[in-house]
Structures are given as structure tokens and as C-alpha cells.
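Residue numbers (our numbering), protein chains in the order written: chain A, 9 to 344; chain B, 9 to 344.
Hints in this document: simulated from the structure, not taken from any laboratory.
Ideal placement from N, C-alpha and C gives every residue a C-beta, glycine not left out.
Hints are supplied without guarantee of correctness; some may be wrong.
Stated by the list, open to error - Sample of chain B residues with no beta-carbon within 12 Å of chain A, all distances over it, derived:
hint, residue
1, GLU33
2, CYS52
3, GLY57
4, ASP60
5, LYS123
6, ARG141
7, LEU195
8, ALA261
9, PHE276
10, ALA277
11, ASN280
12, ARG292
As the list claims (entries may be wrong) - Chain B is nowhere near these chain A residues, computed Cβ spacing over 10 Å in every case:
hint, residue
13, VAL49
14, THR51
15, ASP60
16, GLY75
17, ALA138
18, ASP199
19, VAL228
20, LEU246
21, GLU257
22, ALA258
23, PHE276
24, SER344
As the list claims (entries may be wrong) - Capping the alpha-carbon separation at 20 Å, the derived lysine to aspartate or glutamate pairs in EDC-like fashion look like this:
hint, chain 1, residue 1, chain 2, residue 2
25, A, LYS30, B, ASP90
26, B, LYS103, A, GLU200
27, A, LYS30, A, GLU11
28, A, LYS85, A, GLU164
If you want the building blocks of each chain, they are given just below.
Number of protein chains: 2
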Amino acid sequence: MPEIRHNIITREWVIIATERAKRPEQFAKPNVRRAPVERFVATCPLCPGNEDKTPPETYRVPRSSDGGWQVRVVPNKFSALDAKGDLVRKAEGLKRTITGVGIHEVIIETPEHNKTLALLTEAEMELVMATYRQRYNAVTLDSRVAHVTLFKNHGERAGTSLEHPHSQLVGTPIIPPQVRDRMEHALRFYDETGDCIFCATLADELVDDVRIVAQSNDFVAFIPYAALTPFHLWVFPLRHSATFLEATEAEMADLSRLLRKVLRKIYFALDNPDFNLSLRTPPREACGLKYFHWYLSIIPRVTRVAGFEIGSGMFINTALPEQSAEFLRHAPTDPS
Amino acid sequence: MPEIRHNIITREWVIIATERAKRPEQFAKPNVRRAPVERFVATCPLCPGNEDKTPPETYRVPRSSDGGWQVRVVPNKFSALDAKGDLVRKAEGLKRTITGVGIHEVIIETPEHNKTLALLTEAEMELVMATYRQRYNAVTLDSRVAHVTLFKNHGERAGTSLEHPHSQLVGTPIIPPQVRDRMEHALRFYDETGDCIFCATLADELVDDVRIVAQSNDFVAFIPYAALTPFHLWVFPLRHSATFLEATEAEMADLSRLLRKVLRKIYFALDNPDFNLSLRTPPREACGLKYFHWYLSIIPRVTRVAGFEIGSGMFINTALPEQSAEFLRHAPTDPS
Chain A
9 MPEIRHNIIT REWVIIATER AKRPEQFAKP NVRRAPVERF VATCPLCPGN EDKTPPETYR
69 VPRSSDGGWQ VRVVPNKFSA LDAKGDLVRK AEGLKRTITG VGIHEVIIET PEHNKTLALL
129 TEAEMELVMA TYRQRYNAVT LDSRVAHVTL FKNHGERAGT SLEHPHSQLV GTPIIPPQVR
189 DRMEHALRFY DETGDCIFCA TLADELVDDV RIVAQSNDFV AFIPYAALTP FHLWVFPLRH
249 SATFLEATEA EMADLSRLLR KVLRKIYFAL DNPDFNLSLR TPPREACGLK YFHWYLSIIP
309 RVTRVAGFEI GSGMFINTAL PEQSAEFLRH APTDPS
Chain B
9 MPEIRHNIIT REWVIIATER AKRPEQFAKP NVRRAPVERF VATCPLCPGN EDKTPPETYR
69 VPRSSDGGWQ VRVVPNKFSA LDAKGDLVRK AEGLKRTITG VGIHEVIIET PEHNKTLALL
129 TEAEMELVMA TYRQRYNAVT LDSRVAHVTL FKNHGERAGT SLEHPHSQLV GTPIIPPQVR
189 DRMEHALRFY DETGDCIFCA TLADELVDDV RIVAQSNDFV AFIPYAALTP FHLWVFPLRH
249 SATFLEATEA EMADLSRLLR KVLRKIYFAL DNPDFNLSLR TPPREACGLK YFHWYLSIIP
309 RVTRVAGFEI GSGMFINTAL PEQSAEFLRH APTDPS
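Pulled out of the complex, with its shape left as it was, chain A reads as follows (with noise of 0.2 Å):
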């Protein structure tokens, strides 16, 4: 029999399709899009060399030993927003509008372009996440910007058609709806109960056991009870932690680990598929709030969304939680 699932941070509920449910291991496929093989691409835009086909840079990593640099941050040459102009409001009728001012950069995460973050060095990894908190404190300073969404989408079914590792974050003068709804919820059931929400969902799968994928000392991944799609992850901090601003030193260096190995275990025990990772931290404003949490999500793309989850916002996963966790859980970190 299915079962249909509730998510309590997020409200949604899921059709767990057992009947119809693949095997883990029936989700990885030989990959069609082809790794690239070459360190470095002439007519990349992001490759070491092409720096003048890109907007100036933002930020880089510098690499002491040659004048190169390790990691770059470049404005989005086709960015979506605005990075100059003024916020304007404007209600017409019932047509609201704001003039699309933001930053959206690029953040390249290694010269290499033959790389994924699932293949960087330990260290390399550790430099890729300061970047992204040092880009996400720059540009949430920005007045104009109200949330910053920092995600990566690995392969053309993940939405991307540029084959260099890079991740983009966007700073938009709103908060997404989706956002504001979850903190309003979330404040209630703290109101309600005197817990967050995401710490009490995590003490409930620690002490389940069931759905975790790899822990470390400061966090936890592990497959969300209600799991939109098979192995969709999440990674929340065990501290609680309002914002991603929030997190130690010593917690980013733990982070790096503990993401670079559920990365890898996805890359080999699923071969290297399309996947969307995005950085869940609410507005700057919410820093140091009791009922919110920021967390991780990484979604392997091996299905479509479809007419169903378009229609209704709910999801059909054709795998079950447990087995998609397990798998992971002993995938292997390494090549076999």
C-alpha cells in the first residue's frame, strides 16, 4: 500500500509510490551527458586564461604560488537582475511590480574545468564554502538586496548548459513567498510547542535512524521523511543556527567534510547524476531567531517533474526514504 507523507517544515505532502517504487540502485544510468575530459577549455568563459571574457570580478581566491587563483567570483554576464538602479515599487491596479535591481554572480569553484565539487580536494572544498559565506555576507549588506539564494545546478537536466563547475547566487530586493510562508509557519509552531521546528525534526530522525545518511560533528544529512524525489537531502546543522552567517569557523570546516562525502557518495553510487544543491538560509534579519534554522538541500535530478506535481504542488517519489538512505548510507566515497 502507498503511503502519502507529511512534511512539517515545509507542509508538503508526498505520495510514497511503493507500488511502483524502483530499486536505489535502478536510478543510477550511464550518464549521458559525458564528463569533460579536458583540464582546461580554450573557449571556455570560466577556464584559467579566458578571465577577460567575464564580467571583472567580484572576489577570487588567490593561488600564491603562480598569481592564478584558486576560486573567482564573477557578476552573471547574462545575470537576471539589475546590480545598478534604484528599488521602485509600483502598484497599478492589481499588477504589482518592482524593478528587477540585485546582484547575480557566478561563483566558479576551480580552475579545472574537468572538475565537480564531489571530485575537489578537502581544502579546495573548505575554500569553495568560505566563498560562498563570504559572497553571501557581501551582498546581503547591499540595501536594496532583501534574500540572497545561493544554489548550484550540476548538468543540462539540473538547468545548466555551462560545463565548468560553478555555482550562482542570486541577491533579489524581495523575499520569496515560499521563504516568508515557511518562517510563518515555523514561528507558530514555536509559539505553539516552544521547539524549532527543524531541531525537532532532527532529534526525531536521530532518533529513528532510519533516514540518515552520514553525520559529522556539527551536521547531519539524512533523507527528509517526506522526501519530494528519490534521494533528495537534506543537511541541517546540529547547532541551532538561524542563519548561514551564524556558523563557526570550525563548523564550515566540518560542513566542507561532511558535503564533499555525501557528494561523492551520490557521484560514484549514482554516476555522477544531474543535481540542483541550493543553501536554505533565511533574510540577513533573521539572524540569532529562536524558530528558524538554515540547512541544505541537494536534489539528484533522476526523474522529471511532471503535470501532477505542476497541477496539485504535491510530489509522487518513487522510491522509499528508508532504502534511498540506506543506499546512500553505504555507498562508497571512492571509486569502486
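We have chain A already, so just place chain B on it with the hints.
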């Protein structure tokens, strides 16, 4: 300067990325998926002659000439929900679960494998719409069904691998939170203004007259002011009616003609793109409500949902809704 637009009905904000906008015709592309050539395919479980490869049918529109059928409805062989069994809710700490009971049907739109909705005759389209309504009505009478989602996935990017033209219907034992949230929002709007939020939006669209794609006696097809994606299209009944069940026979015939016209425009102007269609109609108990309004939504899958959308719930649309509408308004309904 890009613009961030608000959809007053869904509360979604959409970045209209004018700087990276493409011209409407740039979204048309030679279809990688080749349209099927054969009228009947021996191995297709939905083709005539293979009726024993599907579960026993729940409905058919017979063809009197030869005892065959024109439209056929069968339970989904890989049903996401179980048609038998009781509705049981369970709560264990923070975890809430409902037994996965419900109805999952496949509506086979035509016996001909190589057709698609856009290529049906007017009379055939009317039969499909009448079947939608017959099944919607029948399934909502099941006491375990709280809500029906009726949708079509056309093409692989839209989530189907089955070529034979078909739609699907899922009757779930819960009302999706997204549907409930929108109803709540519409109720508040009604209480504050005395208007149905859908009727008010439609009235605005008719006055603006720049996003209308096609109009008939009883329906209007338009690109929403804050369209989520290029060619995201809504079809609203002009007369206020809360649910699909309330449409009159004349309105059903009128809808069939208009929907066919719109689908043909999309088919010929955008080169048979993959798309999702969904019927957005509230639960049966909403019949007669003054504040809610049913409609159809069509989303051609010419772009990808990526990390920004997943991480924020917001959308970036790389087409100007007014331009998309103008393009489709002038698009042919027959091959050029």
C-alpha cells in the same frame, strides 16, 4: 531593466529577465523527440488491439461503426495510489501519514498513436473534454477522494515516456496544501474587496488587452502578467464558476474549440514542444463558492526548472509575457 512581477492569484513573484530575454521564435526548436509516424503500434499498451494489456477499463466512448472506441479510460497500471483499502490517518510524534488510497486513471485520448490533442478534430476534442468531466465527476464521488488533479504530460521533458496520447487523473485523499493556500488567499481577497480574485484579474486582462492569446464566447486564453515561464498560459471561464463541474454543455463545447485552437498555435509556432496541461479546479465541496474559480494551465517545457526556482520558489522568465502573447496571438492554427 528587468522587472519583478507579482501574480496576485498565486502570490508568486517572477523575475522577467528582459536583459537575457529571447525573441519568442527562439524558443521553437527542431524537436529532438521525433513525432511518431505509425498510426497504430503493435507494442503500445494503449493502442487498439492491446486492450488486454491494461487493467479493465472504467469508462469508454464507443465507436458505433465497428464496436471500437474513441476515448478509453483505464486504471493506471503503475498507479501511484491504491484504489482499494481504507483511508487511515496516523500521527506519530511529528510524523503524519495517510494510507495511499485513491484513484489514478489514464485517459486514452484517441485510438491513434500518432496524434496529439492539437491534431484532434473539434468533435474528437469535445469527446476528450467530456471524458475529463465524466471522470472528474465520478472520481470525486468516491468518499475517500478529497481532491482531483487532472493533467497531461506531453513529451519526455514534460515527464512521460509513453507516446500514445493520454491524460491522467489522480484523486488524492487530501487537498494539496498549495490548493488550500490559494483558496485561503482568494477568500481573504473576496472578504476585503467583494470580488473573486480570478474574475478581477480576468477583467484587468481584458482591459489591458496585451496578454490575450485567444478568446471565445465563454473563455479567455492569456499569458499571465507574471507568467512563470515563456508561453505559460491560462484559460479562464468568463462566467464566474468555482469548479469544472459547473460548466454548461455549451461552455464545454466552446472550451474544446478554444483549447484546440490554442494547442494548435503552440504546436505549429513552437514546433510541437513538450508541455504540461493541468486542470486547476478545487474540491467538489467548493461548488458554488463565490471566491474561487477553476481554470486550465498550460506550460510548454521550453526551459528548465533549476536551482534558483528550487531554492527560492521564485521563477526567472526569459520572455516578456506581452511578447509571448503577441507571438501566439498571431501564430497560425494550421501548418504553414
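Now for the hints, and whether the structure bears them out:
For B/GLU33, the shortest C-beta to C-beta distance to chain A comes to about 19 Å, beyond the 12 Å cut-off, and the non-interface label holds. B/CYS52, annotated as away from the interface, keeps every beta carbon of chain A farther than 12 Å; the closest lies near 19 Å. No Cβ of chain A approaches the Cβ of B/GLY57 within 12 Å, the least distance being about 25 Å, so the stated non-interface status holds. Distance check for B/ASP60 against chain A: the nearest CB is about 21 Å away, which clears 12 Å, and the non-interface claim stands.
For B/LYS123, the non-interface assignment is confirmed: its Cβ lies about 19 Å from the closest Cβ of chain A, beyond the 12 Å cut-off. Listed as a non-interface residue, B/ARG141 keeps its Cβ farther than 12 Å from every Cβ of chain A; the least gap is roughly 16 Å. With 12 Å as the threshold on Cβ separation, the claim that B/LEU195 sits away from chain A holds: the shortest Cβ distance comes to roughly 16 Å. Every C-beta of chain A lies more than 12 Å from that of B/ALA261, the closest at about 23 Å, which supports listing it as non-interface.
The Cβ of B/PHE276 lies farther than 12 Å from every Cβ of chain A, with a closest approach of about 22 Å, so its non-interface assignment holds. Remark: the non-interface label on B/ALA277 is consistent with the geometry, its nearest Cβ contact in chain A lying 21 Å away (cut-off 12 Å). At roughly 17 Å, the least C-beta separation between B/ASN280 and chain A is larger than 12 Å, which holds for a residue marked as non-interface. Under the 12 Å C-beta cut-off, the non-interface status given to B/ARG292 relative to chain A holds; the minimum distance is some 15 Å.
Consistency note on A/VAL49: stated as away from chain B, and its beta-carbon is indeed over 10 Å from all of that chain's, at 22 Å minimum. The beta carbon of A/THR51 is kept farther than 10 Å from every beta carbon of chain B, the shortest such distance being approximately 20 Å. With a minimum CB-CB distance of about 21 Å to chain B, A/ASP60 clears the 10 Å threshold, and the non-interface call stands. In this structure A/GLY75 is separated from chain B by more than 10 Å, as the shortest Cβ-Cβ distance comes to about 32 Å.
Against chain B, the non-interface label of A/ALA138 holds: every CB pair exceeds 10 Å, the least being about 20 Å. At roughly 16 Å from the closest C-beta of chain B, the C-beta of A/ASP199 stays outside 10 Å, upholding its exclusion from the interface. Distance to chain B confirms A/VAL228 as a non-interface residue, since its nearest Cβ pair spans about 16 Å, more than 10 Å. The beta carbon of A/LEU246 sits about 17 Å from the closest Cβ of chain B, which is more than 10 Å, so the claim that it is off the interface holds.
For A/GLU257, the condition that its CB be more than 10 Å from all CB atoms of chain B holds, with the nearest at approximately 25 Å. With a least CB separation of 26 Å from chain B, A/ALA258 remains clear of the 10 Å interface cut-off, as annotated. Annotated as non-interface, A/PHE276 keeps its C-beta farther than 10 Å from every C-beta of chain B; the closest such distance is 22 Å. A cut-off of 10 Å between C-beta atoms confirms that A/SER344 is not in contact with chain B; the least separation is 29 Å.
Between A/LYS30 and B/ASP90 the alpha-carbon distance is near 17 Å, which keeps this suggested pair within the 20 Å criterion. A threshold of 20 Å between alpha carbons decides the hint, and for B/LYS103 with A/GLU200 the separation of about 17 Å falls inside it, so the pair holds. For a cut-off of 20 Å, the pair hint linking A/LYS30 to A/GLU11 stands: about 15 Å separates their Cα positions. Of the supplied pair hints, the one linking A/LYS85 and A/GLU164 holds, its CA atoms being roughly 19 Å apart against a limit of 20 Å.
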